[in-house]
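Novice: Generate coordinates for the entire structure from the input sequences, incorporating the hints supplied.
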Amino acid sequence: MTGPKGAFTLVALQLLIGAFVLMWVASLRYPFISRGYYRSTVWVLWPLMAALSFALPDQLRVWSLVTSGAFGLFLIAVYSQRPALEWASGAVASAVGLWLLAEAGGQACPGDCGLGLLHALVGTLLVGGVTHGMVLGHWYLNQARLPIDPLREQCRIIFAALAMGTAAGIVTRPDLILGAVPGGLLTFSPSSYWWAWALLLAATAVLSGMVWATVKARSTQSATGLLYIAMVTVLAAQFLLDLLVTT
77 MTGPKGAFTL
87 VALQLLIGAF
97 VLMWVASLRY
107 PFISRGYYRS
117 TVWVLWPLMA
127 ALSFALPDQL
137 RVWSLVTSGA
147 FGLFLIAVYS
157 QRPALEWASG
167 AVASAVGLWL
177 LAEAGGQACP
187 GDCGLGLLHA
197 LVGTLLVGGV
207 THGMVLGHWY
217 LNQARLPIDP
227 LREQCRIIFA
237 ALAMGTAAGI
247 VTRPDLILGA
257 VPGGLLTFSP
267 SSYWWAWALL
277 LAATAVLSGM
287 VWATVKARST
297 QSATGLLYIA
307 MVTVLAAQFL
317 LDLLVTT
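Each residue of the sequence shown is one higher than the last, beginning at 77 in this note's numbering.
One or more hints might be untrue.
Label pairs and their calculated CB-CB ranges [as the list claims (entries may be wrong)]:
(1) His214 x Ala160: 24 to 30 Å
(2) Val120 x Pro159: 20 to 26 Å
(3) Ala126 x Asn218: 24 to 30 Å
Worth flagging that the hints you see were computed from the coordinates, not collected in a lab.
All values reported here derive from a predicted model rather than from experimental measurement.
C-beta atoms are modelled at their ideal positions from N, C-alpha and C, and glycine is treated no differently.
Specialist: Below is the structure:
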């Protein structure tokens with residue numbers, strides 16, 4: 077879980093697990109969202125989690141496959157249309173996924189790495205928040221008269237995650253710029269990567285503000301389009317931060 081491969085793997089875990097956890101939370105908060113949303117989303121998440129397992133170290137691969145299986149159990153529960161079973165299976169899948177993510181973050185750098193754990197969890201909220209917001213925005217095309225509240229709350233989660241991510245990145249900057257980032261044809265200092273992360277995070281914040289404006293205007297598809305762009309900036313920002321953690 078070190079170097080560019082480790083950073084890529086960690087970002088992928090943050091996206092898949094973060095999107096699932098926030099989707100499950102939305103199912104508890106807003107029971108009026110059709111079960112079709114959860115079926116279509118988890119049909120994408122669990123195969124990707126299973127495939128990602130083979131990019132993980134041996135000690136994490138089994139738990140990643142278990143997480144994929146837990147996602148699948150939630151999918152079965154949604155098909156059963158039993159609320160108690162949906163709640164229980166979603167809770168188990170979220171807990172296993174977050175545990176896997178914590179283990180991956182802890183192994184992202186040599187020794188007992190609290191830095192990796194911190195950024196793994198904060199990054200999950202941020203990347204998962206933007207991903208879930210983008211996917212949720214699409215569902216407004218499928219469910220007529222779906223209230224704006226779920227998408228509005230998702231925007232608030234993104235803002236909270238941006239604040240937490242910014243604070244974590246600034247506070248831990250002295251540790252992040254200590255490592256040597258593997259170079260290619262051109263070599264840049266770790267501080268250059270940190271500044272690139274800061275600019276990309278700022279771009280994500282600007283885009284999130286634009287998303288909030290469109291959500292207030294109830295223009296859900298404009299919000300979704302902006303979240304598409306925010307996916308690019310947030311994934312690039314988190315990859316650079318994870319790269320600094322893992323090197």
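Novice: Give me the numbers of the hints this structure contradicts, sorted from smallest to largest.
Specialist: none
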